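In order, the protein sequences belong to chains A and B.
The first sequence begins at 1 in this note's numbering and counts up one residue at a time.
The second sequence begins at 1 in this note's numbering and counts up one residue at a time.
If you are wondering where the hints come from, they were derived from the structure by calculation, not from laboratory data.
Here the structure is a predicted model, which means the values were calculated and not measured.
Hints are supplied without guarantee of correctness; some may be wrong.
Taking CB as the label site, the calculated pair distances span [what the hints assert, rightly or not]:
no., chain 1, residue 1, chain 2, residue 2, range
1, A, L60, B, V202, 28 to 38 Å
2, A, L60, B, E568, 50 to 60 Å
3, A, V103, B, W188, 36 to 46 Å
4, B, L547, A, C38, 20 to 30 Å
5, B, E568, A, L71, 41 to 51 Å
6, B, W188, A, R41, 13 to 23 Å
7, A, A53, B, T46, 40 to 50 Å
8, A, L71, B, T46, 25 to 35 Å
To spell it out: a stretch of chain B is covered by chain A in this simulated footprint if at least three of its residues, at any positions, have a beta carbon under 8 Å from a beta carbon of chain A; those stretches are [claimed, not checked]:
no., stretch
9, 83-94
10, 465-476
All C-beta atoms, glycine included, are put in the ideal place defined by N, C-alpha and C.
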Amino acid sequence: MAEQRRVTVTGPRARGVRVPPYPRVTRDIDEQTELGACYVRSLMRAQFRLALAGCGVVALVIGLLPLVFALLPGLAAVKLFGVPLPWLVLGLGVQPLWIAAAVGHVRGAERAERDFIDLVTRS
Amino acid sequence: MIILVVVTTLTAVTGLLGAVTVACSLGRTGTARTTSDFLVASRSVTPLWNASAISSEYISAAAFLGTAGLVLAYGADMLWLPIGAAAGYVVLLVLITGPLRRSGVYTLSDFAEWRLGSRSMRHGVSACVCFIGWFYLLPQFQGAGVTLRVVAGLPVWVGWAMVVVVVLGIVLSGGMRSITVVQAFQFWFKLLALAIPAVALVAIWRMHGGPDPTRPHPPEFVRPTTVTVAFHVGLHVPMDTWGRVDGVVDGRRYDGGEVLLTAGRHVVDEGSRIAFPAGAAVPHVQRIPVQCGDKWARPFGGGRDHPLFGTYSMLLGMLLGTMGLPHIVIRFYTNRCGRAARRTVPLVLVMLSLFYVFPTLYGALGRAFTPELLMTGDADATILMLPGRLIPGAAGHLFTGLVAAGAFAAFVSTSCGVVVAIAGTLSQGVPGGGVREFRLGACVAIAVPLALAGFLGTLPAAGLVTLAFTVSACSLCPLLVLGVWWRRLTAAGAGTGLAVGCACAVAAGLAQILGERPAGWWGALLAQPAIAVVPLTFAVMIVVSLLTPARVPAGVDRAMMRLHLPEELLLSRPGRRPGH
C-alpha cells in the first residue's frame with residue numbers, strides 16, 4: 001500500500017472568504033468592456049426569462065388547483081376506479097407536471113448556455 | 001411478538017449499514033481526509049448518486065410517518081403537502097441551483113459573505129441556518145420517540161437517545177463523504193420499506209374487503225378494540241357510544257364496567273383503558289376535528305379554520321422554503337458543476353413522486369383500519385400500526401419491523417444531513433475553524449432541539465416540519481433570489497430583511513410549539529405566516545437596498561459573471577479550477 005502523507009486539516013475560511021479565481025473569458029468580457037457586459041447581461045436575461053417561465057408554471061398550477069377544488073366541491077363525488085377524483089389528481093396527477101417542468105427548464109437553460117458559449121468563442 | 005419486530009428492525013438496519021460499508025470499501029474511501037471531503041465530498045458526486053442522497057435527506061420522519069398521519073387525521077387537505085414539497089424543487093431549480101453551485105463557495109453563509117462583502121451577513125445567515133435546522137430536527141426526535149413507543153412500548157426519551165447516539169456517531173467519524181453513500185442507499189431502502197408492505201396491504205384490502213373510508217359516516221372501529229390513553233386528554237365523542245372503562249372518565253373511577261359515553265366532550269385520565277365493540281364511533285382527541293368520510297375525502301371539506309388561506313400560505317412556505325433548507329442546498333455544492341447540479345433536480349423529482357404515493361395510501365388505509373389513532377392522537381404511528389393490524393402472524397411482524405427500520409433510516413438520514421449543515425456553518429464562522437470546531441458544532445446542533453423536544457406532546461411531525469420551511473421561506477429565500485438576480489442588493493438591505501423575516505417566522509413557530517393557538521384569522525396567520533411575511537421580507541430588502549446605494553459591493557459585476565457564466569468559460573486560467 002502506498003505511503004499516505006499526513007496533512008493538517010484546516011478551514012479554508014480562516015481569514016475571510018477567498019476571492020474566487022479571476023474569470024478569463026474572452027477579452028471583451030474579461031476587460032469588462034461595454035460589449036462584454038452586454039454579453040453577460042444577455043445571458044442573464046435569457047436565464048431569468050426561463051426562470052420566470054418555470055415559476056409561472058408552478059404559480060399557475062398551485063394558484064388554480066386549490067381554487068378549482070374549493071369552488072367545485074362536487075368534483076369529490078366523482079370516482080374513478082373507486083377513488084375520488086381529487087385524490088387521483090392531487091396524489092398522482094400533479095407530480096408529472098413538475099417533472100416535465102424541471103426537464104424543460106434544464107434543457108432550456110443548457111441551450112441558452114451553449115448558444116452563449118458559441119457566441120463568445122466565435123467573436 | 002415485540003421481540004420478532006425488534007429483531008427484524010435490527011437485522012434490516014445492520015444489513016443496510018453492512019451493505020454501505022462494503023460499498024464504501026469497494027468504491028470510495030470511507031473516511032474523510034480533507035476539509036473539502038468533510039464538507040462537500042470534494043465536489044465529485046454524480047447527479048444520480050446526489051439525487052438519491054438529496055431525496056433521502058428530504059424524506060425525514062415528517063415525510064415518512066407524518067404525511068400518512070396527517071392524511072388519516074385531516075384527509076384530502078393534506079394531499080397538498082407532497083405537491084408543495086415537489087414544487088419547491090422546481091422553484092429551487094429554476095431560480096438558484098445553477099448560480100449557487102457556480103458561486104463556488106461552500107455554504108449559504110459563505111455565499112452571503114462573498115456576494116455582499118460583509119462579515120456580519122455571514123453571522124446573520126448562520127443564525128437563520130441554525131433556526132431552520134433546529135426546527136427541522138424537532139420532528140425527527142418526535143418521530144423517533146413515537147416509533148419506539150408504538151413498536152416496543154419504550155418511553156419516548158429512548159428514541160431521542162438513539163437518534164443522538166447514531167447521528168453523532170456517523171457525523172463525527174465520516175463527515176460528508178461517507179454520508180453521501182449512506183444517504184443514497186437509505187433512499188432506496190426507505191422506498192422499499194414502504195412499498196413492499198403497501199402492496200401486501202392493498203392486496204389484502206381488495207381481497208377481504210373492508211370499510212370504505214369515504215362513506216358519509218364518522219369513523220368506526222372495524223373490530224372490538226381496546227384503547228389505552230397515554231396522556232390526560234379531552235375527547236370528543238361524535239355519537240352515544242358504549243364502552244367498558246378501566247380507569248377514570250370525567251373524574252369517576254370505573255373498573256371494567258359498561259359506561260355510556262354520551263355525544264360531546266369527555267375527559268379521560270392518563271393510563272385509562274376503554275374497550276369498544278365493533279362498529280362503535282371513534283372518539284377524537286380534541287386537536288383532530290370529527291369529520292364524516294365524505295367530508296374527509298373532499299379538499300376543504302371543513303374541520304379547519306380558513307382552509308383555503310391556510311393551504312395557500314403553507315404551499316407558499318414550501319415552494320420558497322425548499323431553497324433555504326441548508327442540508328439540501330449544501331448537497332448541490334457536492335456536484336461537479338452547475339450543469340450537473342441542475343440535472344440532479346429532475347431526478348430528485350422522479351424519486352420524490354414515486355415515494356409520496358405511499359404515505360397517502362397508508363393514510364387512507366389507516367382511516368379504515370387503525371381509527372383508534374384519532375383517539376390517542378398518535379396519528380404519526382399509522383404506518384407502523386397498519387402491517388400488524390392487517391397481516392396476521394409472523395408476516396405482519398416482519399413487515400412492521402421493515403417499516404420501523406425504514407422510519408429509523410428516515411430520522412437518521414435527515415438528522416445527519418441537518419447536523420452536518422449546521423456544524424459546517426458554525427465551524428466555518430469561527431476563525432481557524434477546522435474539524436474540531438466542526439465536531440463541536442455538531443454537538444450544539446443536536447443539543448438545542450433535544451432540550452425543546454420535551455415540550456412537543458403529540459404535535460404532528462409533518463406540522464412541525466412546515467415551521468422549518470416557513471422560517472426558510474421568510475429569511476433565506478429572499479436573500480438567495482435577490483442575491484442571484486439583482487445587482488443592487490446591499491448588505492444593509494439583506495441584513496435588515498433577514499432580521500425582520502427570521503424574527504417574525506421564528507416567533508410564530510415558537511408560539512405554535514409553546515403556546516395556545518388563538519382562534520380566527522390571527523390563529524390561521526400564526527399557524528401559516530408565510531403569505532404575509534415573505535412579501536414583507538422581500539419589500540424590506542428591496543427598499544433598504546435602494547436607500548443605501550453606496551453600499552452596493554464593488555465587485556458585483558464580477559460576482560454576477562461568476563454566478564451566471566458556464567464553467568467552461570471560467571476554466572481558461574491554467575492550473576486553477578473554480579471552487580478549489
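A quick look at each hint next to the structure:
Restraint check, A/L60 to B/V202: a C-beta distance of roughly 33 Å satisfies the suggested window 28 to 38 Å. Separation of A/L60 from B/E568 is about 34 Å and departs from the stated range, judged on CB atoms against 50 to 60 Å. Separated by about 22 Å at the C-beta atoms, A/V103 and B/W188 break the suggested range of 36 to 46 Å. Checked against the hint of 20 to 30 Å, the pair B/L547 and A/C38 passes, with Cβ atoms roughly 29 Å apart.
Checked against the hint of 41 to 51 Å, the C-beta distance between B/E568 and A/L71 comes to roughly 50 Å, which is consistent with it. Distance hint for B/W188 and A/R41: a CB-CB separation of about 44 Å, inconsistent with the stated range 13 to 23 Å. For the hinted restraint 40 to 50 Å between A/A53 and B/T46, the CB-CB distance of approximately 28 Å leaves it violated. Between A/L71 and B/T46, the C-beta spacing of about 46 Å breaks the proposed range 25 to 35 Å.
Coverage of the stretch 83-94 of chain B by chain A holds [criterion: at least 3 residues with CB-CB distance below 8 Å; count 9]. Beta-carbon proximity to chain A at under 8 Å applies to 0 residues in the stretch 465-476 of chain B; the threshold of 3 is not reached and the given coverage is violated.
Of the hints listed earlier, those the structure fails to meet are numbers 2, 3, 6, 7, 8, 10, in rising order.
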